[in-house]
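Required output: the full structure, derived from the provided sequences and hints.
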Amino acid sequence: MEWVPDIVLTISSRFIDQGKKIYLVGGCVQNSLLGRGVDDYDLTTDASSSEVIQLLAEVGIGSVFILSREFSIIGFSEEGLNGQIRSFAAETAWSSLLPSERQKNLESDLTSRDFTINSIAFALPQGEYSDPNNGRRDLELGIIRFVGDPGKTIENDPIRMVRAARFVNELGFRLEPTSASAIEQHASRISNVSKERIGKEVEKILVSEHPSNAFRILDELKLLDKLFPALSRMKGLPQGRNHDKDAFEHVMAVTDGLPAIRHLRWSGLLHDIGKPLTFESNESGIHFFGHESVGARIAQEILTDYKVPNVTAASIVKLIEMHLRPLGYNPDWADGAVKRLVSDAGELLDDLLILSRADVLAQAPSVIA
-6 MEWVPDIVLT ISSRFIDQGK KIYLVGGCVQ NSLLGRGVDD YDLTTDASSS
44 EVIQLLAEVG IGSVFILSRE FSIIGFSEEG LNGQIRSFAA ETAWSSLLPS
94 ERQKNLESDL TSRDFTINSI AFALPQGEYS DPNNGRRDLE LGIIRFVGDP
144 GKTIENDPIR MVRAARFVNE LGFRLEPTSA SAIEQHASRI SNVSKERIGK
194 EVEKILVSEH PSNAFRILDE LKLLDKLFPA LSRMKGLPQG RNHDKDAFEH
244 VMAVTDGLPA IRHLRWSGLL HDIGKPLTFE SNESGIHFFG HESVGARIAQ
294 EILTDYKVPN VTAASIVKLI EMHLRPLGYN PDWADGAVKR LVSDAGELLD
344 DLLILSRADV LAQAPSVIA
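Here my numbering is used: the first residue of the sequence shown is -6, the next is one more, and so on.
Treat the hints with care, since some could be wrong.
[What the hints assert, rightly or not] Derived CB-CB ranges, DEER-like: (1) E(-5) / N303: 37 to 47 Å; (2) P118 / R255: 36 to 46 Å; (3) E121 / V304: 39 to 49 Å; (4) P302 / D(-1): 27 to 37 Å; (5) G229 / L320: 21 to 31 Å; (6) P(-2) / S274: 55 to 65 Å; (7) G144 / K238: 31 to 41 Å; (8) R190 / N303: 13 to 23 Å; (9) R350 / T3: 42 to 52 Å; (10) D(-1) / R62: 21 to 31 Å; (11) S181 / R255: 22 to 32 Å; (12) Q178 / S101: 19 to 29 Å; (13) G144 / G321: 48 to 58 Å; (14) G233 / H203: 23 to 33 Å.
These aren't lab readings, by the way, just hints derived from the structure by calculation.
Ideal Cβ placement from N, Cα and C applies to all residues, glycine included.
Listed below in structure tokens is the structure:
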């Protein structure tokens, strides 16, 4: 129980005193079992949403807010700790059952979750596990597996297909074959998910370690061309003598080589997105004239589509449009040329140089040398 902070124990004690059951669930339980740090605390209870709000107020929690009326989720924040409490739900909101018809118990709540490793409950205050879907076994085996029937689990919320790729990458686990097959079969359902939700999942991938692994998994699962058709078109696109990778693998290497900062990783992912539309091959070699300008326009469309905030998107687009400028530098540049680069880049100068360096390091070893 050492991983459970005092404020969560205080909350649970208040619920228990009022005859309510309360459990830690989801990622915090998973991370504790894996020996990883726990940042956010998800709980589930048989108390109603109004009762949750009242009990949190009685405990004296500083900030209490409704995260989702549809799913009966209440958020809270206290002394830098963030958490959320969900009322039991036998089925997800996509169920044909009316709320009044749904059985209210812990097992039904856990059965409605995405992956077995996220469907483990930790009872407070006694510290006992409830694991009806054998999530602890899958944690030990290093397996990502959908809860219940994979097809139905995906149908209930198709964003789970993208999360599967993210968890495989973040945890270094493997995707259970039946779950993988179900994703390939139902990949088209991703179009039923709002672009904003997809964008948030993509950004979690982007700031993870080695995001390229997750994008390759998305490709294997037939999702990449549905999420990023312009990126998918870069697969197999040759780049000429300065490169030992196709355009897609080059972009993957650049993205991995950047600091795990959202706008930098986005710029790495999309910096060459204009290459398929500007590809030329003749006796002088392979060229992509103007790909930075074309790519900036495509990137703007993608970022707008995925609801990336305007200020962040503007920085990403500017970095893409300027990413070749530092690569053209040579000692013969006049002072005026250097000043123009500095002026044009503005506060993004350091980021531009970081992106350009990653771009060079992802080229053929002979070029880097």
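*Looking back at the numbered hints, which does the structure fail to meet, lowest number first?*
Failing hints: none at all.
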